[in-house]
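Engineer: Sequence:
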Amino acid sequence: MRHDERIARILAKPTYGIREVLCRKYLSEEITNLDIWSLLFDCLLKQNNHREIAIQSKKLLAAIPGSTDAMKLCMGALIRSMNITEASEIALTLPDSCVTGNPKLAKSVYYLRLLAALDGRAPEQPAALMDLGGQIETFNRGRLSGRVDVVCYLRCPFHYAIQKEIAGNLRDNRVNTLFSDNIWFALAAKPKVLVVSEALYTELEPVRRHLPECLIVNTRHGLGDKNHAALGASQCDRICVSSPSIADLLAEQMLVPREKIWVTGYPQMDGLFRTRAAGPGKTDSQGGRNKTVLFAPTFNPGLSAATLLTENLVQSIRGDNTDIHILIRPHPHLPTKAPELIARWSDEAAINPNVVLETDSALNLMDLFVDVDLMISDVSSAALAWLALGRPLICLVNRNAAAESPHYAPDGLEWRMLECAHAVDDPHDLSSAVQAALQGPDGMAEDRNRFAEYLFGDLKDGMASQRTAGLIINHLRENAP
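Under the working numbering, the first residue of the sequence shown carries the number 1, and numbering increases by one thereafter.
Hints were generated in silico from the structure; no laboratory data involved. Note that this is a predicted model, so its numbers are computed, not measured. Treat each hint with caution, since some may be false.
No more than 25 Å apart at the CA atoms, straight line, and that leaves these computed lysine to any residue pairs for SDA-like [claimed, not checked]:
no.: 1; residue 1: Lys192; residue 2: Asp181
no.: 2; residue 1: Lys337; residue 2: Ala349
no.: 3; residue 1: Lys104; residue 2: Gly302
no.: 4; residue 1: Lys107; residue 2: Met82
no.: 5; residue 1: Lys72; residue 2: Tyr16
no.: 6; residue 1: Lys46; residue 2: Asp4
no.: 7; residue 1: Lys107; residue 2: Glu30
no.: 8; residue 1: Lys104; residue 2: Leu92
no.: 9; residue 1: Lys337; residue 2: Lys291
no.: 10; residue 1: Lys291; residue 2: Asn354
no.: 11; residue 1: Lys192; residue 2: Asn227
no.: 12; residue 1: Lys58; residue 2: Leu92
Using the sequences and the hints given, assemble the complete structure.
Structural biologist: Encoded structure:
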């Protein structure tokens, strides 16, 4: 029987159990066939037969000694089945040349070798093997000895800007802290605390199963609702909020237990608040400079202003006034969800003076606020954060389209925010609204300040990360063996 006929016959069977049996029979005749080995591992995974994956991986590696393709196949199956010790043993012997040019594989090898180093089974990870944007690896290289206390899990790359100061504070206090953007590494490291910045969704179940005693701390990555705020609170043990008023909101309107809520301030804004406290930015100093407008839309279809400015973005914002500097910072999800739109904006930025498109997800959006005079957004959490500065805000929203979105939460903070913003529903009216907002007078300043007080209270001191770290440290001390 030809190879392709065997594969087709396996896949035609209705159950993974029967497919497994056929794989075993064919492999007894053709032990080096990696395609059938891959199907066997898949069958075992679907049946949660994780121990058997470890057994059969040894058989495959013995059948084809030195085969890097076999090593990579086994390593992937062992990771997915949480046979991490066995996977790390393969990673230690896999030649670095096999990793070059394969970022996904490099990342897996990095974490596996790091786990081996934590266990004392291997030396530190060679710096040349991979570069996770310089952030994760650089921080992890400064790790302390001993058991991992805290893993800061980056479900999205932009969560690093939220968690980095928390992690730094923890390490400064001799708490062994590591970053990871792989959930299986977090599970294998067995931390006492897992820091996240959004709901875990399907990853919650394995975390609870493998780490039943681990405290999940959610910093949040936004201030709004979008019918998600309560989910983030339900899928953690502690939820960080920006003010006592927001704690009341979660407890009274979303049934979040009070003991689950930590009032810390908003860690992502720490740098901004400290910069403001240190002295005025260009905007505050009232110098004779050109005005800067920040366009920072969210990504949710129906809610995003991005879909209202698919063409002629620059003209729509500033008209013919090229002295206005435009800074475009889309939500980090937009470049992957709407690449054609980002490409058009990139073209506009290239041919128009005084226009910059910033898509680096590692850059903290809040760091851009200091020298901006006016924000244009929609119902984003970025706009809610912007209110802390007391400067004008334009919200470009299509209420009819928004009402069709599953993320439409008319009682949410993001919609209440429109009471202190200049709401625009027609892009043709945007440039005139921009001119009016930049020239003043601003009749909504007091409303914005009141809403900002509700959002942040007196926690605008740039110490939110330190407070969060302190609460984590207290938990570790109270639960020390």
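Engineer: With reference to the structure, classify each hint as holding or not holding.
Structural biologist: Against the structure, the hints come out as follows:
Using a Cα cut-off of 25 Å, the hinted pair Lys192 and Asp181 holds, with the two alpha carbons roughly 17 Å apart. The straight-line distance between the Cα atoms of Lys337 and Ala349 is roughly 20 Å, inside the 25 Å bound, and the hint therefore holds. A threshold of 25 Å between alpha carbons decides the hint, and for Lys104 with Gly302 the separation of about 33 Å lies outside it, so the pair is violated. Only pairs whose Cα atoms come within 25 Å are accepted, and Lys107 paired with Met82 is accepted, the gap being roughly 16 Å.
Only pairs whose Cα atoms come within 25 Å are accepted, and Lys72 paired with Tyr16 is accepted, the gap being roughly 23 Å. Pair hint Lys46 plus Asp4 holds up; C-alpha atoms about 22 Å apart against a cutoff of 25 Å. For the proposed pair Lys107 and Glu30, the alpha carbon gap of about 32 Å is over 25 Å, so the pair is violated. In summary, the hint linking Lys104 to Leu92 is supported, as the alpha carbons are separated by about 16 Å, within the 25 Å threshold.
For the suggested pair Lys337 and Lys291, the alpha carbons sit about 30 Å apart, so the restraint of at most 25 Å is broken. Between Lys291 and Asn354 the CA atoms are separated by roughly 10 Å; this keeps the pair inside 25 Å, and the hint holds. The hinted pair formed by Lys192 and Asn227 fails the criterion: a straight-line CA distance of about 30 Å is larger than 25 Å. Annotation: proposed proximity of Lys58 to Leu92 holds, straight-line Cα distance about 15 Å (limit 25 Å).
Violated hints, in rising order: 3, 7, 9, 11; the structure is consistent with all others.
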